[in-house]
Amino acid sequence: MISILRRSTPAYICLPLLIICALLSFNVLRQTLPELGSGALDFSAAPEAGVMSAIVLQFSVLPRMAIALLVGAALGLAGVLMQQVLRNPIASPTTLGVASGAQLGLLLATLFAPGLLAFGGEWVALAGGAISLLIVLSLSWHRGLAPVAVVLAGLVVNLYIGALSTVLILFHQEEFRGLMIWAAGSLAQNSWDDTLHLLPRLIIAAVIAGLIARPLGLLELDESSARSLGISVRKLRLMSLGLSVFITASAVSLVGVVGFVGLAAPVIVRLMGARTLTQRLLWAPVFGGLLLLTTDLFLLQYSARLPSMVPTGAMTGLLGAPLLLWLIPRLSLKGASANAGNMTLQSARVPVSRKFLLLSVLLLISTVAALFVTQSPGGWLFNDTAQWASIANWRLPRVLAAAGAGILLALAGATIQRMTGNPMASPEVLGISSGTAIGLIVTIYFSTHVTVPMLILAGSLSAVITLAVLILLNRRTGFQSERLLLTGIAIAALFDPLRSIFLANGDPRIQQVIAWMSGSTYYVDFPTGLGALLFAVMMVVLIPLVARWLDLLPLGRNVALGLGLSVNKVRLVLLGLVAILTAFATLIVGPLSFAGLLAPHVARMLGFSRALPHLAGSAMVGALLMITADWLGRQVLFPQEIPAGLVAALLGGAYFMWGLRKY
Amino acid sequence: MLVSLSAGAAVSSPAQSQNAPPRVAAIDWTLVETLLSLGVVPVAAAQIKDYQTWVGEPSLPEQVVDIGLRAQPNRELAASLQLDLILISPLFSAIEPTFSQIAPVQTLTTYNPDKDFWQNLVETTRRVGELTDRSSEAEAVIDQHRARIEQLKGKIPADTPPLLVVQFIDDRHVRAYGKGSLYDMVISRLGLQNAWQGETNMWGYTTVGIEELTTDGYLIVVDPVPMSAEGVFDNNRLWRALPAVRHDRVLSLPAVWSFGALPSAVRFAGELYQAVTDHTGTESGLGTL
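Each protein sequence line maps, in turn, to chains A and B.
Take 23 as the starting number for the first sequence in the numbering used here and just add one per residue.
Take 3 as the starting number for the second sequence in the numbering used here and just add one per residue.
FYI, nobody ran anything at the bench for these hints, they're computed from the structure.
Don't take each hint at face value.
What the hints assert, rightly or not - Below, computed lysine to any residue pairings styled on SDA-like, alpha-carbon distance capped at 25 Å:
{"no.": "1", "chain 1": "B", "residue 1": "Lys-181", "chain 2": "A", "residue 2": "Trp-402"}
{"no.": "2", "chain 1": "B", "residue 1": "Lys-51", "chain 2": "A", "residue 2": "Gly-232"}
{"no.": "3", "chain 1": "B", "residue 1": "Lys-157", "chain 2": "B", "residue 2": "Thr-282"}
{"no.": "4", "chain 1": "B", "residue 1": "Lys-51", "chain 2": "A", "residue 2": "Leu-520"}
{"no.": "5", "chain 1": "B", "residue 1": "Lys-51", "chain 2": "A", "residue 2": "Val-592"}
Unchecked claim - Interface residues of chain B toward chain A, partial, derived using beta-carbon atoms under 10 Å:
{"no.": "6", "residue": "Val-66"}
{"no.": "7", "residue": "Gln-84"}
{"no.": "8", "residue": "Leu-87"}
{"no.": "9", "residue": "Ile-97"}
{"no.": "10", "residue": "Val-124"}
{"no.": "11", "residue": "Arg-128"}
{"no.": "12", "residue": "Asn-238"}
Stated by the list, open to error - Pairwise CB distance ranges (calculated):
{"no.": "13", "chain 1": "A", "residue 1": "Val-229", "chain 2": "B", "residue 2": "Pro-228", "range": "15 to 23 Å"}
{"no.": "14", "chain 1": "B", "residue 1": "Asp-250", "chain 2": "A", "residue 2": "Phe-134", "range": "55 to 63 Å"}
{"no.": "15", "chain 1": "A", "residue 1": "Tyr-34", "chain 2": "B", "residue 2": "Pro-226", "range": "35 to 43 Å"}
{"no.": "16", "chain 1": "A", "residue 1": "Tyr-34", "chain 2": "B", "residue 2": "Pro-115", "range": "46 to 54 Å"}
{"no.": "17", "chain 1": "A", "residue 1": "Gln-657", "chain 2": "B", "residue 2": "Thr-279", "range": "30 to 38 Å"}
{"no.": "18", "chain 1": "A", "residue 1": "Val-383", "chain 2": "B", "residue 2": "Met-204", "range": "47 to 55 Å"}
{"no.": "19", "chain 1": "B", "residue 1": "Met-204", "chain 2": "A", "residue 2": "Ala-411", "range": "54 to 62 Å"}
{"no.": "20", "chain 1": "B", "residue 1": "Pro-226", "chain 2": "A", "residue 2": "Arg-498", "range": "31 to 39 Å"}
{"no.": "21", "chain 1": "B", "residue 1": "Pro-115", "chain 2": "A", "residue 2": "Met-476", "range": "42 to 50 Å"}
{"no.": "22", "chain 1": "A", "residue 1": "Pro-549", "chain 2": "B", "residue 2": "Pro-63", "range": "53 to 61 Å"}
{"no.": "23", "chain 1": "B", "residue 1": "Gln-54", "chain 2": "A", "residue 2": "Leu-494", "range": "46 to 54 Å"}
{"no.": "24", "chain 1": "A", "residue 1": "Ala-411", "chain 2": "B", "residue 2": "Pro-63", "range": "45 to 53 Å"}
{"no.": "25", "chain 1": "B", "residue 1": "Thr-284", "chain 2": "A", "residue 2": "Phe-141", "range": "51 to 59 Å"}
Being a predicted model, the structure only gives us computed values, none of them experimental.
Note that the Cβ used here is the ideal one computed from N, Cα and C, for glycine as well.
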């Protein structure tokens, strides 16, 4: 596959890393034990201080270094196994959603069933990780577990889990203080307990991995020859996946999510010349351990100068995203998009006009409910038009904004799905939502008085920057859909660690960030709401202009070219369009709504398949989804409000995962 | 005049005042606390259940309406309460434009790192007093609290060793409170020394591992201690090796809202005084044995 140097071995990269580690450790040790510098360990001079620093060394510094090595090794091993079994060079505990699934399991258990944790957090983590891996695999099953499909499904599951934990944090903010630090992957230790817990598990896992290494290596050839050697391929795969989930869960339950070591370690040792599986199984854990230790030692050295804490796991996550970006152009993705077009080609037999009528009626009902039906301290109320002034003041802007955002996201989603021929594509997946969110978080963090115009400016600016990155990185490959999506995934992957760092510091401004991130129409005033809807309607009117492109693109690059479409230019224009739509919608309802993923699907399930009706239908479904979500969010926990984006994500996400089995 | 600082007394005392108090909603807990200290019961407050857990004293009477999350209080509900005034802190300034359609919104800045912390609290109290027609009560409350702190300062031994105030986050991390925090301000007003001299964020704390708590003086652990951290006290070698632990100088204090106003400050001072004197009492008691 990919290799930089012909005759290199991973030792070439592990050795320098080892030397860096040694230097940094020496530095850290010298800081811990200042007596070292003056020659001998002279406890008599200052017995108090000497004893304390010796204990800090023994029970904090050394175990921390040990756990960094072990966790890095564990994730490296898990990554190698996942990549081998799925024959997917970008599979890893984080990209497949295993780590975040394990984490969500532990969060839920801590809040609602602390009793479960008495049996050991790792079993809860294991269940969480296994469930989310199962969902990822079943979502990508019909695409033959193609690498991009699997990783896309992983991202969607990650985003969904992100939405779920945002709800939990929103309503349990103070209780979450501690959990957030753990969740961000802090390696701080104060005893040898964690090391002694992880070490035997890692040894057992390594031994099992060693035993199945040979048959597993044969999977590289192809399944039939592996089977002809008398291997039960299915059992082998199941066992290796189970093993990798177990190692991941053990590590996550101790130190939280440590991003991207599981991806980076196997990929880099492979690049450095570890060609056989046995070599990779050997070198990836070594490299993973050293990588994490180096990162942690750097942080240990410099974090004392920062007023805020930067957890190591979040840091590796930040470092990992550029790696993924660098890796994407170097991946061979043949075969991944072979059947990309088939989903859009069934012709519609259903009378489309009746479906439009149905949607219009539903839209009307939901709008009326959203405007006139409400809970109050005294119970449910149906307001009549006499209260119109108050309704127009408080509810109308939100309904308008919800509808507008829903339409914009649905159009963006339908466009990107048709353009890439991938049913998992959505504005969220392209990373534009995440890019906008990153910009807003940074703005809120660095300014004392946050105003709405400032947020709009920052959000639009970061959307433009994200778009520029997307275009820059994909220009040479002609905006090929699979690569485009992977670039988006890498950008989206930047967002999680940033959010974790913010959360881990427990900054009081967090309420504001979370409230916005969860996608509420709360901050919308009447002009904004009206503006959003008008803009959305204008976009709907413009659909016919791009309908022909979107009918032709799913037929494949060659057919489209043959029919006289200048594919690259068209893709660039559409990409810009999607970015604008997404940025606007994200500013209104936050980065996590899933409307852009769901609405086009629902529209397709309803039988809208040609571009024009599909986009129009998607827009209606999007509006319906968001208006309903906004209304439900205002009523369910009255007087507390669940943000519309979250309600849409929770409702729609579940439906989506159910519905997607068919694709 | 006998000055009582208990919350109940403070709430009930201005009942005899002549004009009816304005109908106030307070979004920020610090402002809720300040209102209650002036004897003004807010009509509405945000996240009341969490307020009772994290601020606790002074407690909110039953009739106060919960208007939802602090970052997104329910506007329709607020509009139906015929409010005269809404008090917020800059942290939630994003709600100002819409809430000012319901009633006049006043933004009060308590956390301003450029100014003296005590003075900030005094000014917040004074401002709330002005806004609610309770100026004389505000001055009285300020004087009471100042006098109480002065009184405690006179009683607490000046040679009390430095204090390091922490709150446990989990079994590996604590928040250490330094410059810019309520606790630090109280410590210095009592004429004592804060042992935490490291960097702090805008709110006066920083998150560190327990190995950094190497003070020779007192280690003050403010409740609540999360369940996950309880194991640390019994069998963690690192914890047991901390100088304060070895010399039995760990003091546990009941929960005091770390972002509080004057009442929280004085409550912290009182609890601190109590804990330190109890401790030196037993120590000297041991000495005479």
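Okay, the hints, checked on the actual structure:
{"no.": "1", "hint": "B:Lys-181 with A:Trp-402", "in the structure": "50 Å, violated"}
{"no.": "2", "hint": "B:Lys-51 with A:Gly-232", "in the structure": "54 Å, violated"}
{"no.": "3", "hint": "B:Lys-157 with B:Thr-282", "in the structure": "13 Å, holds"}
{"no.": "4", "hint": "B:Lys-51 with A:Leu-520", "in the structure": "30 Å, violated"}
{"no.": "5", "hint": "B:Lys-51 with A:Val-592", "in the structure": "55 Å, violated"}
{"no.": "6", "hint": "Val-66", "in the structure": "12 Å, violated"}
{"no.": "7", "hint": "Gln-84", "in the structure": "13 Å, violated"}
{"no.": "8", "hint": "Leu-87", "in the structure": "19 Å, violated"}
{"no.": "9", "hint": "Ile-97", "in the structure": "8 Å, holds"}
{"no.": "10", "hint": "Val-124", "in the structure": "21 Å, violated"}
{"no.": "11", "hint": "Arg-128", "in the structure": "22 Å, violated"}
{"no.": "12", "hint": "Asn-238", "in the structure": "6 Å, holds"}
{"no.": "13", "hint": "A:Val-229 with B:Pro-228: 15 to 23 Å", "in the structure": "37 Å, violated"}
{"no.": "14", "hint": "B:Asp-250 with A:Phe-134: 55 to 63 Å", "in the structure": "38 Å, violated"}
{"no.": "15", "hint": "A:Tyr-34 with B:Pro-226: 35 to 43 Å", "in the structure": "52 Å, violated"}
{"no.": "16", "hint": "A:Tyr-34 with B:Pro-115: 46 to 54 Å", "in the structure": "50 Å, holds"}
{"no.": "17", "hint": "A:Gln-657 with B:Thr-279: 30 to 38 Å", "in the structure": "53 Å, violated"}
{"no.": "18", "hint": "A:Val-383 with B:Met-204: 47 to 55 Å", "in the structure": "52 Å, holds"}
{"no.": "19", "hint": "B:Met-204 with A:Ala-411: 54 to 62 Å", "in the structure": "41 Å, violated"}
{"no.": "20", "hint": "B:Pro-226 with A:Arg-498: 31 to 39 Å", "in the structure": "56 Å, violated"}
{"no.": "21", "hint": "B:Pro-115 with A:Met-476: 42 to 50 Å", "in the structure": "21 Å, violated"}
{"no.": "22", "hint": "A:Pro-549 with B:Pro-63: 53 to 61 Å", "in the structure": "40 Å, violated"}
{"no.": "23", "hint": "B:Gln-54 with A:Leu-494: 46 to 54 Å", "in the structure": "53 Å, holds"}
{"no.": "24", "hint": "A:Ala-411 with B:Pro-63: 45 to 53 Å", "in the structure": "32 Å, violated"}
{"no.": "25", "hint": "B:Thr-284 with A:Phe-141: 51 to 59 Å", "in the structure": "41 Å, violated"}
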